[in-house]
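Student: Residue strings, one per chain:
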Amino acid sequence: MRSPFVLPVITTFFLLAVLAHLGFFDWARLSRGFRNLGILGADMVPPDLGILPVASAALWETVEMSFAGTLLGFLASLPLSILGTRRLFSTWVSSLARFIAAGIRTIPVLLWAIVFVILVGLGPLAGTLGIAAYTVGYLAKIYADLFEGTDPEIMEAVQSTGASKLQLVRFVVIPEAANAVLAQVLFMLEYNIRASSILGFVGAGGLGFVIQIYLQSLDYRRLATVLLLVLVIVLLMDGISAWLRNRFLLSAHTA
Amino acid sequence: MTDSGSAPAALHAERVWFSFRNHDWVLRDISLVIPAGKHTVIMGPSGIGKTTLLRVLAGLLKPNQGQVRVFGHPTEELKPRELSALVGYIPQQLGLVRNLCALENVLMGALGRLADSRALLGLFPRDEIEKARAALEMMGIGHKNSEQVFRLSGGERQRVAIARTLLQHPRIVVADEFASDLDLALASEILTRIRRAAEQEQITFIMSMHRMGLARQFGDAVLALKNGELVPGFIGNEILETLSIEPSL
Chain G
1 MRSPFVLPVI TTFFLLAVLA HLGFFDWARL SRGFRNLGIL GADMVPPDLG ILPVASAALW
61 ETVEMSFAGT LLGFLASLPL SILGTRRLFS TWVSSLARFI AAGIRTIPVL LWAIVFVILV
121 GLGPLAGTLG IAAYTVGYLA KIYADLFEGT DPEIMEAVQS TGASKLQLVR FVVIPEAANA
181 VLAQVLFMLE YNIRASSILG FVGAGGLGFV IQIYLQSLDY RRLATVLLLV LVIVLLMDGI
241 SAWLRNRFLL SAHTA
Chain H
1 MTDSGSAPAA LHAERVWFSF RNHDWVLRDI SLVIPAGKHT VIMGPSGIGK TTLLRVLAGL
61 LKPNQGQVRV FGHPTEELKP RELSALVGYI PQQLGLVRNL CALENVLMGA LGRLADSRAL
121 LGLFPRDEIE KARAALEMMG IGHKNSEQVF RLSGGERQRV AIARTLLQHP RIVVADEFAS
181 DLDLALASEI LTRIRRAAEQ EQITFIMSMH RMGLARQFGD AVLALKNGEL VPGFIGNEIL
241 ETLSIEPSL
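Order-wise, the sequence lines are chains G and H.
By my numbering, the letter at position 64 of the first sequence is numbered 64, and the numbering carries on one by one without gaps.
By my numbering, the letter at position 149 of the second sequence is numbered 149, and the numbering carries on one by one without gaps.
Hints were generated in silico from the structure; no laboratory data involved.
Treat the hints with care, as some may be off.
Unchecked claim - Derived DMTMM-like pairs: lysine to aspartate or glutamate, alpha-carbon spacing no greater than 20 Å straight-line:
{"no.": "1", "chain 1": "G", "residue 1": "165", "chain 2": "H", "residue 2": "229"}
{"no.": "2", "chain 1": "H", "residue 1": "131", "chain 2": "H", "residue 2": "156"}
{"no.": "3", "chain 1": "H", "residue 1": "62", "chain 2": "H", "residue 2": "229"}
{"no.": "4", "chain 1": "H", "residue 1": "62", "chain 2": "G", "residue 2": "156"}
Unchecked claim - Ranges between beta-carbon positions, derived for each pair:
{"no.": "5", "chain 1": "G", "residue 1": "120", "chain 2": "H", "residue 2": "20", "range": "53 to 63 Å"}
{"no.": "6", "chain 1": "G", "residue 1": "236", "chain 2": "H", "residue 2": "195", "range": "51 to 61 Å"}
{"no.": "7", "chain 1": "G", "residue 1": "152", "chain 2": "H", "residue 2": "142", "range": "23 to 33 Å"}
{"no.": "8", "chain 1": "G", "residue 1": "9", "chain 2": "H", "residue 2": "23", "range": "27 to 37 Å"}
Unchecked claim - From the structure, some residues in chain H lie toward chain G, with a derived Cβ separation under 7 Å:
{"no.": "9", "residue": "81"}
{"no.": "10", "residue": "84"}
{"no.": "11", "residue": "100"}
{"no.": "12", "residue": "111"}
{"no.": "13", "residue": "115"}
{"no.": "14", "residue": "117"}
Being a predicted model, the structure only gives us computed values, none of them experimental.
Don't be surprised by glycine CBs; every beta carbon is placed ideally from N, CA and C.
The task is simple: from the sequences and hints, build the whole structure.
Tutor: Rendered as C-alpha cells:
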C-alpha cells in the first residue's frame, strides 16, 4: 500500500491548493505587479545621497541597538537555559524555566518593541529592550536543548571527581557547548540587525523611523539610499561573523 | 577462599545484584574482595556487563541488592565528595572536556576539594596547578599542558585522563577498557607508567580489558565476567592467581 509517491503527491496537491487560495494563480494581478515593480525601480534611481548624514545617524542607532540588545539577551539567556536543563535540575524547575522562555518567544520582536515603547517611552532604549527580550526567549530554548545534549559520560566522569553542580556547568556543560553557543549568538546578532531596522516603525528608534517616513511620502529615491545602507551593514555583519566563525569555530571541527 | 589476610580490603562487593529493567539481571550475586594495592583486571566479551559492574563498584550505580564497601564504607552511605576522595572513575571514552586544554582537564581532578567561589572563576590554587603539571609530567605528556584535548592523539588523551584521576588522589581507580584502542607498544608503555604511579601513590586499580597480553602484564589478578557472574580468569590454558570469589560470606 505504501508507495514512495504517496507523500510527494499529497504534498504537491496541498501546496497547489494553498497557493491557489492565496491568489497565486491570478495572472492578471501578478503581471500588474511586475509592471509596478518596474515603475518602483525606476522611481528609485538615482538614489538621493543627500540624506546620507541623517540616515547614517539612524543606522548607527540601529547597530547600537542590535549589539546591546543581543548581548543583554545573551547574558540573561544563560542562567535561564541552565535552569531549563533537565539533566541538572528537577523536572519542576526546568519545566518552569522552559515555560518562561516559551512565553517570551511567543511574542514577536515588533510586539516586544511596542510593549517597551509603552513602558519606557519612544526611542532606542525601547528597541534595545525589545531585542533583548526576544533574544532571551530564543537563545534560552536553543541553549537548554544544547546543554541537555552534553555527553553523559563526560558529566559522570567529572561528577565523580566530586565536582558541584555549578562546577559542572562551568567546566563541562558550557565548554562542551562553546562552539554552538557562539554560533547561535552570531546568528542572533545578524537576525537582530535586520529586525531592528524596522523597529522604528513603532517608534522604538533606529532606521525604521526613517524608512517609514520615506515610504509614506512616496520618496523612493531617498528610500533607496536607506535600503542600500541596510544592505551594506548586513553584508558587513556577514563578513564579521564569518571571520569570527573561522577564527573560533572551524578549528574545533578539524579534530 | 579469602586471601586478603591481614591487609585491609580496598573494595568489598557482597552479593551484588543489578538490573536496569525488572529482573533482567546484568549482575547476578557477585561477591569479590580486592585487597589494597592489588591491581585487578576484569575481562569478558563486549556487551556482557563489564561497564555496569565497574560503575557499580565505583559507586556510580546503586545495586538492587547487596552492597559495595570501599575501605569499609558502604558506597551508598557516602556523600559524593567523600566517595570522590576514595574512588576515581575513568569511563571508556575517558570523559575529557574537548574544548579545554590538558592542564585544565587535569585540574578538574581537584574540584572535589575546592570551594565554588574561586574555582568557578578558573582560579586554581598554585599548589594544585603544580601538582597537575607534575601528574602530566609523570604520564610523559608534560610538554602538551596547554594543548586543547581535541587536538591530542588517542594515547595522549589516555595520559591526560589518568593524570586527572591522579590529581583527584583517590585510593581506588576504576577504569573502563583502558588503553583498549591503542597499539600494543603504546598501551604497554602507558600501563607501565600507571603501575609506577600506582605504587608511588598507593592506589589500587580495577580495570576492564579485552586483550589478554595486557591483562597479564598489568593485573595481579584477572577475573572474567560470564552470564552476569564472575569466574576466575584464564589466559591461554593457564589459570591466573585469582582473587577470592565468595559465593556467600
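Student: Now, for every hint given, state plainly whether the structure supports it.
Tutor: Results for each hint:
{"no.": "1", "hint": "165/G x 229/H", "in the structure": "violated (35 Å)"}
{"no.": "2", "hint": "131/H x 156/H", "in the structure": "holds (18 Å)"}
{"no.": "3", "hint": "62/H x 229/H", "in the structure": "holds (17 Å)"}
{"no.": "4", "hint": "62/H x 156/G", "in the structure": "holds (14 Å)"}
{"no.": "5", "hint": "120/G x 20/H: 53 to 63 Å", "in the structure": "holds (55 Å)"}
{"no.": "6", "hint": "236/G x 195/H: 51 to 61 Å", "in the structure": "holds (59 Å)"}
{"no.": "7", "hint": "152/G x 142/H: 23 to 33 Å", "in the structure": "holds (31 Å)"}
{"no.": "8", "hint": "9/G x 23/H: 27 to 37 Å", "in the structure": "violated (49 Å)"}
{"no.": "9", "hint": "81", "in the structure": "holds (4 Å)"}
{"no.": "10", "hint": "84", "in the structure": "holds (3 Å)"}
{"no.": "11", "hint": "100", "in the structure": "holds (5 Å)"}
{"no.": "12", "hint": "111", "in the structure": "holds (4 Å)"}
{"no.": "13", "hint": "115", "in the structure": "violated (9 Å)"}
{"no.": "14", "hint": "117", "in the structure": "violated (10 Å)"}
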